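Produce the entire structure from the sequences given, and follow the hints as far as they go.
Read in my numbering, the sequence shown has 90 at position 90, and its numbers run on one by one without any break.
In short, the hints are calculated from the structure, not lab data.
If you're wondering where the values come from, they're calculated on a predicted model, not measured in any experiment.
Cβ atoms here follow ideal geometry from the backbone N, Cα and C, with glycine treated the same way.
With a straight-line cut-off of 20 Å between C-alpha atoms, the simulated PhoX-like cross-links for lysine-lysine are: (1) Lys-115 with Lys-105; (2) Lys-17 with Lys-27; (3) Lys-107 with Lys-97; (4) Lys-70 with Lys-119.
Here are the simulated distance ranges between beta carbons: (5) Leu-114 with His-50: 19 to 29 Å; (6) Ala-113 with Val-43: 15 to 25 Å; (7) Ser-25 with Tyr-131: 39 to 49 Å; (8) Ser-63 with Lys-19: 47 to 57 Å.
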Amino acid sequence: AVLSALGNLLSQVLESKKKRKDGQSGKEVDGYGPLRFAVYGLVITGPISHYFYHLLELLFPASAPFSLLKRLLLERLVFAPAFLLLFFAVMNTLEGKTHSDLQDKLKARYWPALKMNWKVWTPFQFININYVPVQ
1 AVLSALGNLL SQVLESKKKR KDGQSGKEVD GYGPLRFAVY GLVITGPISH
51 YFYHLLELLF PASAPFSLLK RLLLERLVFA PAFLLLFFAV MNTLEGKTHS
101 DLQDKLKARY WPALKMNWKV WTPFQFININ YVPVQ
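Laid out in structure tokens, this is it:
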């Protein structure tokens with residue numbers, strides 16, 4: 001929860017500084033943004049990730065053939081897309097926006113965000129899934 005909140009706050013500050021540097025008006029920091037991310041991290045990310053990684057251990061024990069690859073593929077091709085969709089839906093709700101707003105945001109941002117997720121996080125997830133012990 002704390003990391004999610006700090007990540008959002010840092011993102012807002014950096015984005016605002018970049019806009020001011022480029023001569024645009026940088027908006028003030030949205031104080032509710034870090035709060036929304038903290039709630040999401042505490043209520044959604046923590047519990048769901050915990051149980052998902054335990055499920056990976058049950059489905060694909062380390063001794064099973066190709067278990068490392070199977071874990072990564074399941075996480076990247078099933079969990080990541082579903083979790084990103086959940087992120088957009090929950091944030092939309094926490095921001096008090098409508099279903100129509102969610103549809104518009106998904107059309108504009110879901111696919112680019114998912115592609116970026118795959119590019120950036122796949123190496124880290126490989127390490128996380130295969131070498132960090134589940135607790």
